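Under UniProt numbering, the sequence shown is numbered contiguously, ending at residue 750.
Calculated directly from the structure, the hints in this document are not laboratory data. Only a predicted model underlies this, so the values are computations on that prediction, with no experimental measurement involved. Do not take every clue at face value.
No farther apart than 16 Å at their CA atoms in a straight line, the calculated lysine to aspartate or glutamate pairs in the EDC-like style are these [said to hold, decoys possible]: (1) K288 to D94; (2) K97 to D367; (3) K664 to D707; (4) K684 to E667; (5) K291 to D100; (6) K666 to D676; (7) K664 to E699; (8) K541 to E749.
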Amino acid sequence: MAEVVEETVEGKEPTVDIESGGGDGDRTVEEVAEGKLRRHDSLLAQASKVSSNGGHKKDLGWTAVLQLAFQSIGIVYGDIGTSPLYVYASTFTDGIKHEDDILGVLSLIFYTITLITLVKYVFIVLRATDNGDGGTFALYSLICRYAKVSLMPSQQAEDGEVSNYRLEPPNNRLERRATKVKSELERRGFVKYLLLFVTMLGTSMVIGDGVLTPCISVLSAVGGIKEATTVMTEDKIVWISIAILILLFFVQRFGTNKVGYTFAPIILIWFLFIAVIGIINIAKYDPKVLKAINPAYIVNYFARNKKQAWVSLGGVILCITGSEALFADVGHFTVRSVQISMCSVAFPSLILAYAGQASYLRHNMNDVGDTFYKSIPGGLYWPMFVVAVLAAIIASQAMISGTFSIIQQSLSLGCFPRVKIVHTSAKFAGQVYIPEVNYLLMLACVGVTASFKTTQKIGNAYGIAVVFVMTLTSSLLVLIMIMIWKWHVVYVVTYSLIIGSIELVYLSSVLYKFDEGGYLPLAFAALLVATMVVWNYSYRKKYAYEYDHMVAPSRLTELVEGRGFARVPGMAFFYSELAHGVPPIFEHYIESVPAVHSVLVFVSVKSLPISKVSPEERFLFRRVGARGTSVFRCVARYGYNDVRRRRGTEEDEEEGFEGVLVGKLKEFIREEGGGDSGEREVEKVEREGRAAVVHLVGESEVAAGRDSSVLKRVVIDYAYGFLRRNVRQENEVFGIPYRRLLKVGMTCEV
């Protein structure tokens, strides 16, 4: 692998001829980001030709849906399924003061699960998937595709021609209100940054949730052994929990498909056990506990306990932990499969479990600190303990898988440093594993477990993470209801008043315990948001520089056809992030090495804010310069669920991208040239491809300009520099063979 010596390039003014095909006119990068495209070039014409419906997710048969529903039990519901381990203990931290308080809390649990998890997430939020994929970024991408609020600088008019990018036709009856809201969003620049920040914050909270879920679930389950022996000390429980967590993160590499089939039977048994034990306890202790379905018990609970009842909501909210993972993980399965598994297995089992524990507590109020294990009938204790520990291990899987999914989505919007995405299933799209993130989560979980040691402080932190992300999801969802779904105002207001009010009340309660561990998820979120902001800001600055200094067509012709410049046999692919022209780093390369291969293709690999781009719509080409020069520009478009790198041999990797690109290039030449001239150039491409193929990767470093502020220097020179040095390079992410790789370095002052 060779590398050209770096130098600093600055101050060149762009001179771009619109009609000659080298660039995109005199638009600024800000105009590109806002979608203000002044013309439609040949890329757009080609996009119209190749667009199809092939990118839409096909409906699966009932056999596949039920198969995914079974898998989802092992992945999606481990978190919410194990919440009966600690909810009552977290709610009644000071003991039970009145017998009917149990009914009040049970009523709160019932309506919280029903309204938030079932109504909001299962039947409303899951409708807002991005071609089947969920999570905070999925909501944001839907909004960006309907309104011009995205800050991504690589946007092109051609993107709108991708079949998955398009949204359903508007409902004319409610179009006026939707258009007004859309116009307001597009008109206010501050709103664009606010939407991106809210999305980053929500994503960071889910990732923080992925740290806290394993800690509290495993500690709660393992701690149950104290009921059987007094030998087990708190320190021993902590170290056993840490060992279990490490083992759990190591098995993530096997993928959602294998893990799901392994874990699903265990979680299914768990749900069966807690449902049966719940029925036994209801029949044995107090069948009248079912009257808690009457919400009047909630009113009475608050009337008796006042402020303490409000504070206790921080424990009640833990009954719906994992609801956001249900949405984030839907991309691993399907909406229908998650709805089936929730309604038929998870929901009824949870309600019976909580009712059974409440029935037991009506006669054993002093046992509230260990309600779950105390309420287990004697003969079932050890089987239940084993299943509880296994279920607690699995509970982490929901948030870990959800974390992988949302990080994969954030990459497509330029909001996260480059990491390796491993697609673990060839059968089901969206099932991914991210090695770097997996090990960072493992270290964070071990650190939190070793530091906090008990579930009480972790529970306080957990509540803030859960409610914060739910509130942010509701905020984005209201915009989707108005602009995209075009719901009647009555439905939007009803949702906001009922669901929104409940979530705000819960949020106010969990924030009350900020200094008792509640600061932890906010600290995680602050670190992650800072990382995302630094990466996104620097990425946009770097793109703006390259856009402003891209090589003009006249200059490109001068470089390629000028004296003292050699065309050597072979084919070269020159990679850069610039999707709108020829990058300035190419001129730097030519000045350093005055030779290039006979066939030259400038390749821009870009991500669209959608889940998949069909193979027919992947590549867009246009010719750059005169026909005889054989210089082309190619935009390769991917969704955040598309596989960019094949696992296996080096030959497989080459065929996976290079072979397809060359094939599409030959199709473009035939369509554009036609006749003998087109065939002669196709033969040239084939001949030069056999001679040699070289991949040139532009590695543009970014440095703050001489007159930059101290803050800008810190962000770009230190923070972004640190991230860039410690993430995967473009060739690693894309799988370019090292033996045919040439890196070209340049430093850009922004």
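Okay, the hints, checked on the actual structure:
With a C-alpha separation of about 25 Å, the suggested pairing of K288 with D94 is violated against the 16 Å cut-off. A distance of roughly 13 Å separates the Cα atoms of K97 and D367; the hinted pair therefore holds under the 16 Å criterion. Proposed proximity of K664 and D707 is contradicted: the alpha carbons are some 46 Å apart, above 16 Å. A threshold of 16 Å between alpha carbons decides the hint, and for K684 with E667 the separation of about 13 Å falls inside it, so the pair holds.
With a C-alpha separation of about 11 Å, the suggested pairing of K291 with D100 holds against the 16 Å cut-off. Using a Cα cut-off of 16 Å, the hinted pair K666 and D676 holds, with the two alpha carbons roughly 13 Å apart. Proposed proximity of K664 and E699 is contradicted: the alpha carbons are some 26 Å apart, above 16 Å. Between K541 and E749, the direct Cα distance comes to roughly 9 Å. Compliance with the 16 Å bound is thereby established for this hinted pair.
Hint check: violations occur at hints 1, 3, 7; the rest are consistent with the structure.
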